[in-house]
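There are 2 protein chains.
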Amino acid sequence: MKILITGITGMVGSHLADFILSNHPDHEIHGLIRWRSPIDNIRAIIHKIHLHEGDLHDLNSIILLLDEVKPDRIFHLAAQSYVTFSFRVPVDTLNTNIIGTANLLDAIRIAGIDPLVHICSSSEVYGQVTEDEVPIKESNPFRPASPYAVSKVGEDMLGFQYFISYGIKTFRTRMFTHTGARRGDVFAESAFAKQIAEIEAGIKQNPMRVGNLESIRTFADVRDAVKAYWLLLEKCTPGEVYNIGGNRTMKIGEMLDVLKGFAKCRIEHKVDTALLRPSDVTLQIPDISKFQKETGWEPVIPLEKTLEDLLDYQRKKINK
Amino acid sequence: MKILITGITGMVGSHLADFILSNHPDHEIHGLIRWRSPIDNIRAIIHKIHLHEGDLHDLNSIILLLDEVKPDRIFHLAAQSYVTFSFRVPVDTLNTNIIGTANLLDAIRIAGIDPLVHICSSSEVYGQVTEDEVPIKESNPFRPASPYAVSKVGEDMLGFQYFISYGIKTFRTRMFTHTGARRGDVFAESAFAKQIAEIEAGIKQNPMRVGNLESIRTFADVRDAVKAYWLLLEKCTPGEVYNIGGNRTMKIGEMLDVLKGFAKCRIEHKVDTALLRPSDVTLQIPDISKFQKETGWEPVIPLEKTLEDLLDYQRKKINK
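Line by line, the protein sequences are chains A and B.
One point on numbering: in this note's numbering, the residue at position 164 of the first sequence is 164, and numbering is uninterrupted.
One point on numbering: in this note's numbering, the residue at position 7 of the second sequence is 7, and numbering is uninterrupted.
Hints are computed from structural coordinates only; laboratory data are not their basis.
The structure displayed is predicted, hence computed values, not measured ones.
Certain hints may be false.
Straight line, CA to CA, 20 Å or less: simulated EDC-like cross-link-like pairs of lysine to aspartate or glutamate [stated by the list, open to error]: (1) B/K251 x B/E308; (2) A/K137 x B/E138; (3) A/K251 x A/E133; (4) B/K137 x A/E138; (5) A/K137 x A/D287; (6) A/K48 x A/D72; (7) B/K169 x B/D67; (8) B/K169 x A/D280; (9) B/K264 x B/D309; (10) A/K169 x B/D280; (11) B/K316 x B/D40; (12) B/K70 x B/D58.
Pairwise CB distance ranges, derived in the manner of DEER restraints [claimed, not checked]: (13) A/R43 x B/D114: 44 to 52 Å; (14) B/K317 x A/K293: 54 to 62 Å; (15) A/I216 x B/P38: 52 to 60 Å; (16) A/Q128 x B/C265: 55 to 63 Å.
Derived coverage of chain B by chain A (criterion: at least 3 residues anywhere in the stretch with Cβ under 8 Å from a Cβ of chain A; other residues may be distant) [stated by the list, open to error]: (17) 94-108; (18) 143-150; (19) 155-164.
Ideal Cβ placement from N, Cα and C applies to all residues, glycine included.
For reference, chain A alone in the conformation it holds in the complex (with noise of 0.2 Å):
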């Protein structure tokens, strides 16, 4: 079977190549990779999958790599992901979330292959809930509540749309918060690992900075994400929407506390208001039960083991 990962060079794209290489090593891996991509990610795998340059932006790159491949599967990553950057870079996040999409969806069409697409939209679709509305059901409203979660609505219905017009068998998945080791240093967590190994090495002084700890996300670890996102191509239903999360549900500080538990010497934060985000959506608890009673998923990897993870992968970036 040809698999074809966009977004292979990120945190979720890497853990899921890793996955498919240990579970079904008999699987061809092919990679979207852009030009000047950083490939540190994949580097202890590279020699064991197939990278090809082209950049969702230019649809012949698309039809270039698809006539090349004809994958049987393809999970659709790449994205600009960072929701507070968003707010800085609003058209390019939606340029390459959305038209990126689109580029890939028609070049699927154009290149008449048949394949399983994944396409991952966001728990950010969601925006902010009220108490009597949690846990979070893909019913819910949408209520974008940044750039990049307008982007993922744009996405989610793309997939939709291509479903319904073509028959293109599009799977689209909401997923909750998810991290663990190359979660990229602009998100929250990663960026207090990263400010706790810096402070533990002497590098960096109390207090490390921190943005809205009051909000409450859903965490798993983005291990269990990415057997997650293979079990929905191999057991859900085209054209459907799936939310998938973890079953931790903790305010963003008390994820920090965790953090610190791990940590080498004595860690003190302090909240930076450049780091608030212009709107912030604070109660993500969702309703996995559709994609649980079609897959049978069960998050098991406990936080405790994400986060440390997570701070080890820290501490060797710095020794490096």
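Once you've looked at the hints, dock chain B against the given chain A.
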């Protein structure tokens, strides 16, 4: 008061300018036009309005425009608005309708002005509904069945997000089918009227070509529609979304019969499969009670008058 209309050269934009000139002659009307925009629809009023060259794809031109005009109200009507064409040009449609709207909203922030902004979403966002889901409320789910519909979901959600994130006073409408004189020839009712006028004039032979006649639509006159848009910014609530539409519901085929009733000779028609969309929506009946409660708006122009005026418009175009 200074009013900016994007899309002023279109059917709706030009009728809105007519409405404001007739009812509020003391207001200043400004319009955004692109290089080579056809100006037939505004030729009669061109000396009474202020036109500014620019393009929604180019953020710079919109910032310059807003800095110069500093409008109190903006009606954002510019769009790639032809559903069938959007299947051929999905990326252009997404670009114009989503990125173009992001540029307008960003330009408002950058210019530091605080206008009332009409964001023109569409009933197409609802897509296919079941019989127990009509009449369609604002809370109905999104099921976009065309790239145009996806683009309007994106535009709609941007209007919401920029209100939530920055307090920009956006008022979103989801207008159902509206038509009349100046309707582009690519839309069903205008294509019908044009062909009838051509057969009457002897420059085309029977039968005329038609697409899907089974879809059910609720029709409004464009002159009632622009009155609704005016009331929207006068009386409604920023951040909210409103369904608006007429009160005459029928199949496209019945609308064709009304048009044929005005013809000066016998008209035959034939379904042309090339005019059928890859996916179509068939049960677009609005619940407009939210909008009516806040504005008291009622559609008053009978559909027969609308269609007669549309046919006269097509007859006059032939004789030009």
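How the hints compare with the structure:
no., hint, verdict
1, B/K251 x B/E308, "18 Å, holds"
2, A/K137 x B/E138, "19 Å, holds"
3, A/K251 x A/E133, "18 Å, holds"
4, B/K137 x A/E138, "19 Å, holds"
5, A/K137 x A/D287, "5 Å, holds"
6, A/K48 x A/D72, "18 Å, holds"
7, B/K169 x B/D67, "18 Å, holds"
8, B/K169 x A/D280, "19 Å, holds"
9, B/K264 x B/D309, "14 Å, holds"
10, A/K169 x B/D280, "19 Å, holds"
11, B/K316 x B/D40, "13 Å, holds"
12, B/K70 x B/D58, "18 Å, holds"
13, A/R43 x B/D114: 44 to 52 Å, "51 Å, holds"
14, B/K317 x A/K293: 54 to 62 Å, "58 Å, holds"
15, A/I216 x B/P38: 52 to 60 Å, "53 Å, holds"
16, A/Q128 x B/C265: 55 to 63 Å, "60 Å, holds"
17, 94-108, "holds (count 7)"
18, 143-150, "holds (count 7)"
19, 155-164, "holds (count 5)"
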